[in-house]
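Participant: For chain Z, the structure is supplied; the task is to place chain U on it using the hints.
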Amino acid sequence: MVNVLAYVLDVIFYIGLYAILTLSLNLEFGFTGLSNFGIVAFFMIGAYTWAVITKAGAHPAVGFIASMITAGVVGFLVSLPALKLRGDYLSLATFVFAEIMRLIVMNIKELGGAVGMLFVPQIFPMQKLDRETYLIGNVVTVYLVFAGFLVMIYLLLHSPFGRTILAIKEDEEAAQALGKPTARYKYQVFFLGSVMCGAAGALYAQYLGFTGVDLFTLTVTFSVWIMCIIGGSDSLLGALVGAAIVELLSRSLRVAKDYFSLPIDPNNLMLILTGVLMVIFILYRPTGIIPTVRVKLRHRISRS
Amino acid sequence: MVQISILQLLLNGAFTASIYILSTTGFALVYSLERFPNIAHVQFFTLGAYAGLLAVNSLKAGFGGALLLGFLLSGLFAFISYYLIFRTLKERGAGLVHLIVASVGYGTVLMYSLQQLFGRDIHIIQFPFYPIEIGSVRFTLLWVYTILFAATSSILLHLFLTKTRVGKAVRALANNPRLAMASGIDANRIAGVVWFIGGALAGVGGVLQGMNIRVVPTLGFELLVPTIAVAVLGGLGNFYGVLGAAFVLGFAENFSVPFLLSLGIPTDLRFVIGYVIVVAVLVRASTAKPVRLRVVGVLRQRIYG
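Protein sequences, first through last, are from chains Z and U.
The number in my numbering is simply the position in the first sequence, starting from 1, with 1095 added.
The number in my numbering is simply the position in the second sequence, starting from 1, with 1 added.
None of these hints come from the bench; they were simulated from the model.
There could be a bad hint or two in this list.
[As the list claims (entries may be wrong)] Partial pick of chain U residues on the chain Z-facing surface, computed with a CB cut under 10 Å:
(1) Y32
(2) F37
(3) T89
(4) V98
(5) A103
(6) L111
(7) Y113
(8) Q116
(9) Q117
(10) V226
(11) P259
[As the list claims (entries may be wrong)] Here are some chain U residues the structure puts well away from chain Z; computed CB gaps all over 10 Å:
(12) G63
(13) H99
(14) I101
(15) I123
(16) I125
(17) I148
(18) K164
(19) A181
(20) I186
Ideal placement from N, C-alpha and C gives every residue a C-beta, glycine not left out.
The following block holds chain Z by itself, in its conformation from the complex (with noise of 0.2 Å):
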């Protein structure tokens, strides 16, 4: 049975790092109407942020502050010109530089090149503990974290910066009309967001105690953009619940393949209904599961 609470446990981590994952394109997209299709590169950023601060000694809070501010200083230098973009090349821009900085740590030898970095320290050492407090502390952390930014993204919502940003999403030039600096705004949202993937970013590398390039590839922004898309793109919950699914649907069927014999690989049918689902929700459901919170806001703003 110490198996399967173990399992549990290593569902509920994925989901709390792609809950924070998705948060942030939540707060990109959702809040904001910016299409970030890299958001991948800011995830391994933190990662291996973390990586190389850890390993030179520094403390965990250390690191995972300066894996958080690492990649939100790259999001900020690559929303300089990129913001300035109409949304088809801001998108495609994103999607770019999500390559380009795979292949150029890649080539990197201090990084650890193609195979990665191992041996990375970690917040709740594996070989020190047992297994149980390894995973159950990093449960705890995630989902502390992932708290964290979704009371962020609640009192920014609640505020003057929460309401212009709405307001870029739904006109920027009457946004702009108003007065507002529309583009500094959206480049403080990117900061923001991309401080969040940093931080999932450091999280998942402790938790692995490695990092490698294989596990950035585009098809963890295409995840990150299924999960923020069924679960409500401007939603706070949403986040959450989009997330899980995603999970859920993956391990369950990876779970399903021990017990029935598919006629299918798990593995592949859990992405063609991943891309069925991305689909059908968008055909039928493009607001997706958890309704939005800005009929409440929007409400607000009416009333005051």
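Facilitator: Coordinates of chain U only, in the frame set by chain Z:
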């Protein structure tokens, strides 16, 4: 240091450019009508490679049969995907990101269905082309066919766009959809034709690339970023821009090899050079105006104006 002759680099560049032309033309044509980057497009390329595999290894249809099957199958799939998914989305007024996400989903389904059907293993199309050596230049006849095919299809497509009624309708729809529809052009029928041609060309590219290297489920996916790079550099949705941009990227990738080698930098980074060009173009043109190469711009004006 490895010595690579200029002629060899030119030939390598021309081959890479030809593959890029075949993979990007459809992407750009569809973009010009639908105004969204179809991420699933490169999967038509993979589909073509598997069609070629079936035609040669199972059906014993030979080189011509492989090209024909790749052309028809990929074209058909592109056509069907337009009618089933993208036309419906367009009619419901879906936004740019929704179209992109739907295409990502559709692409995932195609790619993993192929992986399910044929497995993850590497397949080799049993139609070998032996290397020919002339002086210091090594190549295969397949390369020559690929370059010829890319050139012919580009010329034919140009004639199609400028001389035929349907082709003119395509350009009219791309330039001003409302005016075009007001003048009685059936937008759906025209879009169907464009999706078919785009998918079919990618399919042929897949057959050729599959024969050149190998057939794997990720064959097209590997080309996704170069395809986007070429399309962006050519000025999204501009067919003539694609021709120029494919050569710029193809040559940049191949000509950088000796430089990278002499500097001791891994040659994998040659792909980065192409992307850096793209990012530079994007940054320079970071306005709402469509990006396009100046040379291509002149060409386009002469053709359109």
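Participant: Broken hints, numbered, in rising order?
Facilitator: 11, 13, 14
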